[in-house]
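Number of protein chains: 2
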Amino acid sequence: MKNCIIASTSTLYNGEYLDYLLPELQLHFKDCKTVLFIPFARPGGITHDEYTSKAAIVFAKINIVLKGIHTFENQKEAIQNAEGFFTGGGNTFLLVTQLYKNDLMNILAETVKKGTPYLGTSAGSNICGLTMQTTNDMPIIYPPSFQTLGLIPFNLNPHYLDPDDQSKHMGETRETRIKEFHAFNSLPVLGLREGSWLDVKGEKITLRGNLQARLFRQNQLPQELETGTDLSFLN
Amino acid sequence: MKNCIIASTSTLYNGEYLDYLLPELQLHFKDCKTVLFIPFARPGGITHDEYTSKAAIVFAKINIVLKGIHTFENQKEAIQNAEGFFTGGGNTFLLVTQLYKNDLMNILAETVKKGTPYLGTSAGSNICGLTMQTTNDMPIIYPPSFQTLGLIPFNLNPHYLDPDDQSKHMGETRETRIKEFHAFNSLPVLGLREGSWLDVKGEKITLRGNLQARLFRQNQLPQELETGTDLSFLN
Chain A
97 MKNCIIASTS TLYNGEYLDY LLPELQLHFK DCKTVLFIPF ARPGGITHDE
147 YTSKAAIVFA KINIVLKGIH TFENQKEAIQ NAEGFFTGGG NTFLLVTQLY
197 KNDLMNILAE TVKKGTPYLG TSAGSNICGL TMQTTNDMPI IYPPSFQTLG
247 LIPFNLNPHY LDPDDQSKHM GETRETRIKE FHAFNSLPVL GLREGSWLDV
297 KGEKITLRGN LQARLFRQNQ LPQELETGTD LSFLN
Chain B
97 MKNCIIASTS TLYNGEYLDY LLPELQLHFK DCKTVLFIPF ARPGGITHDE
147 YTSKAAIVFA KINIVLKGIH TFENQKEAIQ NAEGFFTGGG NTFLLVTQLY
197 KNDLMNILAE TVKKGTPYLG TSAGSNICGL TMQTTNDMPI IYPPSFQTLG
247 LIPFNLNPHY LDPDDQSKHM GETRETRIKE FHAFNSLPVL GLREGSWLDV
297 KGEKITLRGN LQARLFRQNQ LPQELETGTD LSFLN
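Chains as they are written, first to last, in our numbering: chain A, 97 to 331; chain B, 97 to 331.
Same shape as in the complex, but just chain A (with noise of 0.2 Å):
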């Protein structure tokens, strides 16, 4: 049964990496001695050593050993001896092309999919959807495919941002730019926002955290749904 918390962000807004989730992250991961670490995002394209020190510490507090994709000979075997996965966020593009040059994007799919407790947030979220085809990021690398793990029968939308009434920028919101998704793919698209995640326990998927999550559907309006809503509807 798959078993994941999909976040926004890692990091809140004067927060501490991961502490928002810390007690989430504790039960989530609560028979696992080690997670494996998938640093392929590199935010800031630090190495993926650095990324795996940052996210261990954090994971040390709640007794967890965190070790890194990278360090593994074998990664396919390490995907599927692993306890748990944490996919950090970084650029999706970076995260997406690793998988697929390290081919690991299927294996990981179906490890999650048989239960493997899994923890994404920002890049690491963005593809647990169907496609990476609703990040924000930049196309700093050329990946040989847009397709992700569909973990969840739609695509997301991490660090989900409203539009800014007072801004005097031209460029498109973030609200334009998933209509025009829509003008192309008929997807659903979840606007997560900073502070949401999703959490899924087999086909059940709930809303959780304190926010709203805005629901883009191709040809209707988009929708607020409240924390706590079952977005299993969505199958």
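Wrong hints could be hidden among the right ones.
Heads up, the list lumps identical chains together, so a pair's fine if it works in one copy or across two of them.
Stated by the list, open to error - Below are the DSBU-like pairs computed for lysine-lysine, each with C-alpha atoms no more than 35 Å apart in a straight line:
{"hint": "1", "residue 1": "Lys172", "residue 2": "Lys264"}
{"hint": "2", "residue 1": "Lys264", "residue 2": "Lys275"}
{"hint": "3", "residue 1": "Lys197", "residue 2": "Lys275"}
{"hint": "4", "residue 1": "Lys150", "residue 2": "Lys210"}
{"hint": "5", "residue 1": "Lys157", "residue 2": "Lys264"}
{"hint": "6", "residue 1": "Lys275", "residue 2": "Lys126"}
{"hint": "7", "residue 1": "Lys210", "residue 2": "Lys264"}
{"hint": "8", "residue 1": "Lys163", "residue 2": "Lys126"}
{"hint": "9", "residue 1": "Lys275", "residue 2": "Lys210"}
{"hint": "10", "residue 1": "Lys172", "residue 2": "Lys297"}
{"hint": "11", "residue 1": "Lys264", "residue 2": "Lys300"}
{"hint": "12", "residue 1": "Lys275", "residue 2": "Lys157"}
{"hint": "13", "residue 1": "Lys172", "residue 2": "Lys98"}
{"hint": "14", "residue 1": "Lys264", "residue 2": "Lys163"}
{"hint": "15", "residue 1": "Lys98", "residue 2": "Lys264"}
These are calculated hints, taken from the structure and not from any lab test.
Once you have looked at the hints, place chain B on chain A.
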């Protein structure tokens, strides 16, 4: 001799479509009775016809007939015979995909390099760089390549946006995103604020408009450039 206007945006806050550029365009296209419009970026998913009509109204003010490339049976021939080009804004992934799908990327680059005057705004400017990898757009469609026209020897970030010190949003700033690009790519990137444009005459590239632009180079601190700066040193 190359002859291009490469603008950050088509429209300024409180302005009308292309109005701030109109005196420039009158000079730029002074020898043109017609200009070929490339509407493939389709902002908001509008039709090619709708987009062409919108732009044609502006060009009519300077006595130029704007013709949408989509109305030509032989689009390559339309490019070769054009007196001038205007590629409008919208989604860069869509624009680039369509240019490749119709096998027009190379012939457009060749024709502009021979001297046919070109105007790009936003997505239509993004494609003037060597790659589209510093676009702000959402990857709503998968292009066969990120390579673009290469009319200038660096990349652009149109609609460049300075970090907002007041923001509580934890998504990456534009500067952070460009820094991530530079973790994996060595091309310079020019952040072109709304109201700025590049004037390209042969190999001379001049920053125009009232604003500074922000130049990002790998392993160097960002640099503010004054309007009037000759950017040929980036060759």
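Going through the hints against the structure:
{"no.": "1", "hint": "Lys172 with Lys264", "verdict": "neither (48 Å within a copy, 38 Å between copies)"}
{"no.": "2", "hint": "Lys264 with Lys275", "verdict": "both (20 Å within a copy, 25 Å between copies)"}
{"no.": "3", "hint": "Lys197 with Lys275", "verdict": "both (31 Å within a copy, 23 Å between copies)"}
{"no.": "4", "hint": "Lys150 with Lys210", "verdict": "within (28 Å within a copy, 52 Å between copies)"}
{"no.": "5", "hint": "Lys157 with Lys264", "verdict": "between (44 Å within a copy, 26 Å between copies)"}
{"no.": "6", "hint": "Lys275 with Lys126", "verdict": "neither (40 Å within a copy, 37 Å between copies)"}
{"no.": "7", "hint": "Lys210 with Lys264", "verdict": "neither (48 Å within a copy, 37 Å between copies)"}
{"no.": "8", "hint": "Lys163 with Lys126", "verdict": "within (17 Å within a copy, 64 Å between copies)"}
{"no.": "9", "hint": "Lys275 with Lys210", "verdict": "within (34 Å within a copy, 38 Å between copies)"}
{"no.": "10", "hint": "Lys172 with Lys297", "verdict": "within (24 Å within a copy, 53 Å between copies)"}
{"no.": "11", "hint": "Lys264 with Lys300", "verdict": "between (41 Å within a copy, 31 Å between copies)"}
{"no.": "12", "hint": "Lys275 with Lys157", "verdict": "between (41 Å within a copy, 31 Å between copies)"}
{"no.": "13", "hint": "Lys172 with Lys98", "verdict": "within (19 Å within a copy, 51 Å between copies)"}
{"no.": "14", "hint": "Lys264 with Lys163", "verdict": "between (45 Å within a copy, 31 Å between copies)"}
{"no.": "15", "hint": "Lys98 with Lys264", "verdict": "between (44 Å within a copy, 33 Å between copies)"}
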